[in-house]
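Which chain is which? The protein sequence lines are L and W, in order.
Under this note's numbering, the first residue of the first sequence carries the number 1, and numbering increases by one thereafter.
Under this note's numbering, the first residue of the second sequence carries the number 111, and numbering increases by one thereafter.
The hints are simulated quantities; they were obtained by calculation from the structure and are not laboratory data.
Virtual Cβ for every residue (Gly too), placed ideally from N, Cα, C.
Watch out, some of these pointers could steer you wrong.
[As the list claims (entries may be wrong)] Now the stretches of chain W that chain L is said to cover, found in silico as 3 or more residues with beta-carbon under 8 Å:
hint, segment
1, 153-161
2, 182-194
[Said to hold, decoys possible] Here are the simulated DSBU-like cross-link-like pairs (lysine-lysine), alpha carbons at most 30 Å apart as the crow flies:
hint, chain 1, residue 1, chain 2, residue 2
3, L, K97, W, K119
4, W, K167, L, K70
5, L, K42, W, K119
6, L, K42, W, K124
7, L, K97, W, K180
8, W, K167, L, K97
9, L, K70, W, K124
10, W, K193, L, K97
11, W, K180, L, K2
12, L, K42, W, K181
13, L, K42, W, K180
14, W, K167, W, K119
15, L, K97, W, K181
16, W, K167, L, K2
[To be verified] Computed Cβ-Cβ distance ranges for the label pairs, DEER-style:
hint, chain 1, residue 1, chain 2, residue 2, range
17, L, K109, W, T187, 39 to 45 Å
18, L, L11, W, D169, 40 to 46 Å
19, L, Y71, W, F122, 39 to 45 Å
20, W, R219, L, F107, 32 to 38 Å
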Amino acid sequence: QKEVEQDPGPLSVPEGAIVSLNCTYSNSAFQYFMWYRQYSRKGPELLMYTYSSGNKEDGRFTAQVDKSSKYISLFIRDSQPSDSATYLCATFTGGFKTIFGAGTRLFVKA
Amino acid sequence: DGGITQSPKYLFRKEGQNVTLSCEQNLNHDAMYWYRQDPGQGLRLIYYSQIVNDFQKGDIAEGYSVSREKKESFPLTVTSAQKNPTAFYLCASRPGQGGYGYTFGSGTRLTVV
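For reference, chain L alone in the conformation it holds in the complex:
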């Protein structure tokens, strides 16, 4: 079993839709959770960062962590074609090693 599981998609939605991206993880010791956005042929960029459980909102993006079910989510409201990218979830316990999900490809159609 992978430590972080993420559906690779692709996920295709119309412009303006609410997008829900999800990951599950296996180790209850993970404390830090991140979402990265990666455009084609580019390096990932940090989008959202949360510690432990709860929600964090930044503009159209909301990151949610449910530690009881080991489930992390990223919601995108009013999705735009410019949101089309691969979204990677990531987590670690502290220290130096981060574990990434495989990434979900998102297409937002105009």
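Please build the complex by placing chain W on the supplied structure of chain L, with the hints as guidance.
Relative to the frame of chain L, chain W by itself:
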């Protein structure tokens, strides 16, 4: 502007050759990382370095080597011992231990011809 510079953007290697990928950062970050990205497999850690003159193997270090002689630089050599080197290679850095996200470079696409 601070950031990470990877070069070259595209690299072609013949069978049996060693190649070196460059990674330079001006963020004053202590920790630097090399990841390999293949379709459907996410990012896999090759090597990482927490301080100058020190580095550790990641999950897939076989066939790769690194050095960390300067804080700003963390080059990766893909040796002929790496049997399947065609991939997208990403260098990243972060300030140090703890809850900080990575800053990534723009990547190097290596193709064996």
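Hints, one by one, checked against the model:
no. : hint                        : result
1   : 153-161                     : holds (count 4)
2   : 182-194                     : violated (count 0)
3   : L:K97 - W:K119              : 26 Å, holds
4   : W:K167 - L:K70              : 28 Å, holds
5   : L:K42 - W:K119              : 10 Å, holds
6   : L:K42 - W:K124              : 24 Å, holds
7   : L:K97 - W:K180              : 21 Å, holds
8   : W:K167 - L:K97              : 11 Å, holds
9   : L:K70 - W:K124              : 44 Å, violated
10  : W:K193 - L:K97              : 25 Å, holds
11  : W:K180 - L:K2               : 35 Å, violated
12  : L:K42 - W:K181              : 24 Å, holds
13  : L:K42 - W:K180              : 25 Å, holds
14  : W:K167 - W:K119             : 24 Å, holds
15  : L:K97 - W:K181              : 19 Å, holds
16  : W:K167 - L:K2               : 20 Å, holds
17  : L:K109 - W:T187: 39 to 45 Å : 43 Å, holds
18  : L:L11 - W:D169: 40 to 46 Å  : 27 Å, violated
19  : L:Y71 - W:F122: 39 to 45 Å  : 42 Å, holds
20  : W:R219 - L:F107: 32 to 38 Å : 22 Å, violated
Violated hints for the displayed structure, listed by number in ascending order: 2, 9, 11, 18 and 20.
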